[in-house]
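> What follows is each chain in one-letter form.
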Amino acid sequence: MKARVFVTLKSGVLDPQGKAIQHALEGLGFGGVNDVRVGKLIELDLADGTSEADVKSMCEKLLANTVIENYKIETVG
Amino acid sequence: MKSAVIVFPGSNCDRDLAVAFEAVSGSKPTMIWHRETELPEGLDLIGVPGGFSYGDYLRSGAMAARSPVMRAVADAAARGTFVLGICNGFQVLTETGLLPGALMRNAGTHFVCRDVALSVDNSQSAFTSRYSAGERVSFPVAHHDGNFFADADTLDRLENEGRVAFRYAEKVNGSARDIAGILNDAGNVLGMMPHPERVIEKAHGSTDGRRLFEGLLEGLMARA
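Residue numbers (the numbering used here), protein chains in the order written: chain G, 1 to 77; chain C, 1001 to 1224.
In case anyone wonders, no lab produced these hints; they're calculated from the structure. There may be inaccurate statements among the hints.
Said to hold, decoys possible - Each computed EDC-like pair below joins lysine to aspartate or glutamate, with the alpha-carbon atoms no more than 20 Å apart:
#1 C:K1171 <-> G:D15
#2 C:K1028 <-> C:E1201
#3 G:K61 <-> C:D1075
#4 G:K10 <-> C:D1151
Using the sequences and the hints, build the whole thing.
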């Protein structure tokens, strides 16, 4: 079983890295990029029988800092 | 004063902090490797040093915060032992939940490494008793993730409860309300991004940081 965890900054939390990327895109001539937010994708290869609740607990305890980040879990297979 | 300094893989201010503890107290701190599950008996002060623990993997301080020794540090903090987290140590303390908020990438995205002007917001804490309220001091900073973030309610609470120890007196990293260092609600845990341990001797160019350690020592002696 595999799970993909998407960690993103909460709305309202400034993302200086995203801003820098937005400016770089503008510099390359890509107009019309209104905003850029950078997140993380964490891929987990899990033993069969690992529950989604286990993955949620991993997110809460380590993978995301819920003060500033949201997470979304996608299980594959 | 019985003190300890926690050492993580990637800590690099641990020895400076140990020197500062010894310079004011005359006794050497015990260096504690992050795999330890117990701390020496009767500690008065625990230092969580700066550096780049675990290479800042995942988030600054995130991996260190889950290391075995931090459970023992949290237990000691709950019993009233003083805990001082500097730079990466501050990041570790927020990641463990001993202090609220989070330290995000600097607003300008640059690593900032220079002396910065600070104002002492609360001179009543054990850590700041040797300073006067509103006093300007200068400490070095050296960080990439020092941009303090917390929701508005938390920031209000920190301010109303006098838990902002230091503020930046100039633009540094985009920190909410210019916060440079905060206390826990009991006042025995301080986390701060600037480095007081780097300005304790004349040869450092300034001794502004020395009073933080001297004040702590004085507080401990008054307790005993």
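> Hint by hint, note whether the structure agrees.
Status of each hint after checking the structure:
1. C:K1171 <-> G:D15: Given that 20 Å is the threshold and the Cα spacing comes to 18 Å, the pair holds.
2. C:K1028 <-> C:E1201: Distance ~17 Å between K1028 of chain C and E1201 of chain C Cα, so the pair holds.
3. G:K61 <-> C:D1075: Answer holds: K61 of chain G to D1075 of chain C is near 18 Å, not above 20 Å.
4. G:K10 <-> C:D1151: holds (11 Å)
Hint violations for this structure: none, all hints satisfied.
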